[in-house]
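All chains should be built: construct the whole structure from the sequences, respecting the hints.
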Amino acid sequence: MDKILQVKNLVTGYQGKNTFMKAVDGVSFDIDRGETVCIVGESGSGKSVTSMSIMRLIEYENGKIIEGDIIFNGENIVEKNNYEMRKIRGSKISMIFQEPLTALNPVFTIGRQIVEAIRFHQSVKKKEAYKQAEELIQLVGISDPRTRLKQYPYELSGGMRQRVMIAIALASNPQLLIADEPTTALDVTIEAQILDLLRKLKKEKKMSIMLITHDIGVAAEMADKVIIMYAGKIMEISSAEDFFENPIHPYSRGLLESVPKMTGERGVKLNSISGSIPSLSNVPSGCRFSPRCPFATEQCINQEPVLEKFKDRQVACWNIDNVLRDHLKNQTDSEVFQ
Amino acid sequence: MLKFLINRFGQSIILLLIVTVITFFLINLAPGGPSSTMRMDASPEERQAMVEKLGLDQPVIVRYASWLKGAFSGDLGTSFTSNEPVVQRIAERLPYTIELTIFTIIISIIIGIPIGILSAIKRGSVPDHIINFFSVVGLSVPAFWLGLMLILLFSINLGWLPSSGVGARGVDFNLWGWISHLIMPVLILTTTILPNIVRFTRSSMLEVISQNYIRTIRAKGAKESIVIYIHALRNALIPIITIIGVLIPRLLSGAVITEAIFGWTGIGTLILEAARGRDYPLVMGITIVITIVVILCNLIVDIVYSRVDPRVKNV
Ligand SMILES: Nc1ncnc2c1ncn2[C@@H]1O[C@H](COP(=O)(O)OP(=O)(O)OP(=O)(O)O)[C@@H](O)[C@H]1O
Ligand code: SF4
Ligand SMILES: [Mg+2]
Numbered sequence: 001m002d003k004i005l006q007v008k009n010l011v012t013g014y015q016g017k018n019t020f021m022k023a024v025d026g027v028s029f030d031i032d033r034g035e036t037v038c039i040v041g042e043s044g045s046g047k048s049v050t051s052m053s054i055m056r057l058i059e060y061e062n063g064k065i066i067e068g069d070i071i072f073n074g075e076n077i078v079e080k081n082n083y084e085m086r087k088i089r090g091s092k093i094s095m096i097f098q099e100p101l102t103a104l105n106p107v108f109t110i111g112r113q114i115v116e117a118i119r120f121h122q123s124v125k126k127k128e129a130y131k132q133a134e135e136l137i138q139l140v141g142i143s144d145p146r147t148r149l150k151q152y153p154y155e156l157s158g159g160m161r162q163r164v165m166i167a168i169a170l171a172s173n174p175q176l177l178i179a180d181e182p183t184t185a186l187d188v189t190i191e192a193q194i195l196d197l198l199r200k201l202k203k204e205k206k207m208s209i210m211l212i213t214h215d216i217g218v219a220a221e222m223a224d225k226v227i228i229m230y231a232g233k234i235m236e237i238s239s240a241e242d243f244f245e246n247p248i249h250p251y252s253r254g255l256l257e258s259v260p261k262m263t264g265e266r267g268v269k270l271n272s273i274s275g276s277i278p279s280l281s282n283v284p285s286g287c288r289f290s291p292r293c294p295f296a297t298e299q300c301i302n303q304e305p306v307l308e309k310f311k312d313r314q315v316a317c318w319n320i321d322n323v324l325r326d327h328l329k330n331q332t333d334s335e336v337f338q
Numbered sequence: 001m002l003k004f005l006i007n008r009f010g011q012s013i014i015l016l017l018i019v020t021v022i023t024f025f026l027i028n029l030a031p032g033g034p035s036s037t038m039r040m041d042a043s044p045e046e047r048q049a050m051v052e053k054l055g056l057d058q059p060v061i062v063r064y065a066s067w068l069k070g071a072f073s074g075d076l077g078t079s080f081t082s083n084e085p086v087v088q089r090i091a092e093r094l095p096y097t098i099e100l101t102i103f104t105i106i107i108s109i110i111i112g113i114p115i116g117i118l119s120a121i122k123r124g125s126v127p128d129h130i131i132n133f134f135s136v137v138g139l140s141v142p143a144f145w146l147g148l149m150l151i152l153l154f155s156i157n158l159g160w161l162p163s164s165g166v167g168a169r170g171v172d173f174n175l176w177g178w179i180s181h182l183i184m185p186v187l188i189l190t191t192t193i194l195p196n197i198v199r200f201t202r203s204s205m206l207e208v209i210s211q212n213y214i215r216t217i218r219a220k221g222a223k224e225s226i227v228i229y230i231h232a233l234r235n236a237l238i239p240i241i242t243i244i245g246v247l248i249p250r251l252l253s254g255a256v257i258t259e260a261i262f263g264w265t266g267i268g269t270l271i272l273e274a275a276r277g278r279d280y281p282l283v284m285g286i287t288i289v290i291t292i293v294v295i296l297c298n299l300i301v302d303i304v305y306s307r308v309d310p311r312v313k314n315v
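So the protein lines, in turn, are chains A and B. The first sequence begins at 1 in full-length UniProt numbering and counts up by one. The second sequence begins at 1 in full-length UniProt numbering and counts up by one.
The reader is advised that the hints may include incorrect statements.
Cut-off 20 Å, straight-line C-alpha distance, at most; resulting in silico cross-link-like pairs (EDC-like, lysine to aspartate or glutamate) [unchecked claim]:
id	chain 1	residue 1	chain 2	residue 2
1	A	Lys64	B	Glu224
2	B	Lys223	A	Glu84
3	B	Lys223	A	Glu61
4	A	Lys150	B	Asp309
5	B	Lys223	A	Glu79
6	A	Lys87	B	Glu224
7	A	Lys203	A	Asp2
8	A	Lys80	B	Glu224
9	A	Lys22	A	Glu42
10	A	Lys202	A	Glu191
11	A	Lys311	A	Glu241
12	A	Lys3	A	Asp32
13	A	Lys92	B	Glu224
14	B	Lys122	A	Glu59
15	A	Lys202	A	Asp224
16	B	Lys122	A	Glu61
17	B	Lys223	A	Asp224
Hint data in this document are derived by calculation from the structure and do not stem from the laboratory.
Following this line, the structure appears as structure tokens:
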């Protein structure tokens, strides 16, 4: 399959008092056409910074891309100027954000905000744009479009606002939709509806989706490919199938185990990873996950593992063999137990 | 809208009553009396006759009641100092003050908001520091001192601008005469509110451009000018409108000093005359008029506010 996006050795961060703090430190991955890629990681692992770098919005928030390439449709986004970027943003690549409640301008109507998005990229009359807006808003599952278009954001619920955000993102049929934790602020039923909507749209519009989440459950439901990020680095890239069958990286395993599992009787197992993600100014030497890793060895503390091919996936860990042996042992244990 | 206006009207009447009671009793408590009763060349009998004629022998409460009765029928009494109706004296002077303050507000908004925006979007830069510096200077320099300095420079040394008066009106009116008389008073009055508008615009704008919806607009592919001047500004205006409402009373009190410096025959100089001569009816009349002006300005501010912010309803 051909690739719509290739991120190569991306380094992005913020200028601190004395040093440059890398929030994303040498990240590389690809997204295929029509593929849903989920980026999963704890809060602060650099997921948003990665997506804001692809949109080149990071520079409006004091951040800076200092290294790497982002190849979109064969063109390097990092080298584009402001004008060229404006033609891509909201048109070829769209983004929806984490906070639907505050993502819309409170003083303009929904209609105006959708119409604007249409007219930034297509030279159509206002009336025609309103027609398109009505269609878009129905497409994202909002009924009574006429009335809705005249309403202000404060008159809509969080779920509705996120649908409107999706409508805005779809205004120019993007090839890539970046959704940065689109459901984190919503309750579970609304979350399920929004995820369904994204799945449906992806099929109809044949777009690629980069879905950011810290909820591995969401990834399990949506992903074709899973990327695990930790402290600004990628720990594992794997097809969703392989990943949920058997995650390899110790951090991936921790993430999966931290999900309450309904096992048999009424056993809910919650085995979260101890400790917390390091701050940007205090990144551990060697493997960034080593202070929290049950498999850590001397080598892990001294030398940083690189993301390397392992069978069909890519994993950054020195001790894959140990991890797998442990996995096998657990499996047989639980089989014996049963 | 109608319900809102009726509500506002009721509140305003109550406010006016309170203001007049306080003013009436305060001026009557102040030592001294109307200058016409204090003249040294008058005999005690003449003075007594004067006091009776003005009704000053009555108790304060009774005097207030009769004043109030007159006021409700639009009669604010007769000025002690000139024997003309108070309404007429105020009507002669008010337009000049309105002229002065309207120019000041318009200029302060037209200059202040763009400068505030510039300062916000270039925060931390040299222009921002320069703007901040002048804002602080503008806020801390006393109006009377600056006024005298301007007169010294432009009227006395350079001879470019007249130092006092409102310029010829009526048949003798000419544009330059009018503008040349306006320049310095408007400039002085502007320094009393412009820095506030600049600083407020800056902080309001800074607050707005860090909001999530600004990021959304950029993500849609908007030009930076649309981001700032349409989306951010519209939101930033909401608190700016409020602060303009707050600045109006300050502007009116600033007008008193400014008018005194430049011999501008508006309400500001009239109130000084009235207070000096213990012209009770005139003081009361001016108080009422100024209170009504402030109430009206706040009403306008609230209506504009509700037009800018859809979340504010019922107006
Ligand atoms: N404007 C900023 N200035 C300085 N540091 C920042 C800024 N924005 C983000 N960071 C830092 O960059 C790191 C990565 O942040 P990022 O927002 O990408 O995390 P995330 O993975 O999206 O987390 P979350 O799940 O909370 O959204 C964090 O340590 C954060 O503190
Ligand atoms: S490299 Fe070492 S510390 Fe890092 S995840 Fe692998 S085993 Fe754990
Ligand atoms: Mg984030």
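Quick rundown of the hints versus the structure:
| no. | hint | in the structure |
| --- | --- | --- |
| 1 | A:Lys64 - B:Glu224 | 18 Å, holds |
| 2 | B:Lys223 - A:Glu84 | 11 Å, holds |
| 3 | B:Lys223 - A:Glu61 | 16 Å, holds |
| 4 | A:Lys150 - B:Asp309 | 15 Å, holds |
| 5 | B:Lys223 - A:Glu79 | 18 Å, holds |
| 6 | A:Lys87 - B:Glu224 | 13 Å, holds |
| 7 | A:Lys203 - A:Asp2 | 17 Å, holds |
| 8 | A:Lys80 - B:Glu224 | 16 Å, holds |
| 9 | A:Lys22 - A:Glu42 | 16 Å, holds |
| 10 | A:Lys202 - A:Glu191 | 16 Å, holds |
| 11 | A:Lys311 - A:Glu241 | 14 Å, holds |
| 12 | A:Lys3 - A:Asp32 | 4 Å, holds |
| 13 | A:Lys92 - B:Glu224 | 19 Å, holds |
| 14 | B:Lys122 - A:Glu59 | 15 Å, holds |
| 15 | A:Lys202 - A:Asp224 | 12 Å, holds |
| 16 | B:Lys122 - A:Glu61 | 14 Å, holds |
| 17 | B:Lys223 - A:Asp224 | 35 Å, violated |
Comparing the model with each earlier hint shows a violation of hint 17 alone; every other hint is respected.
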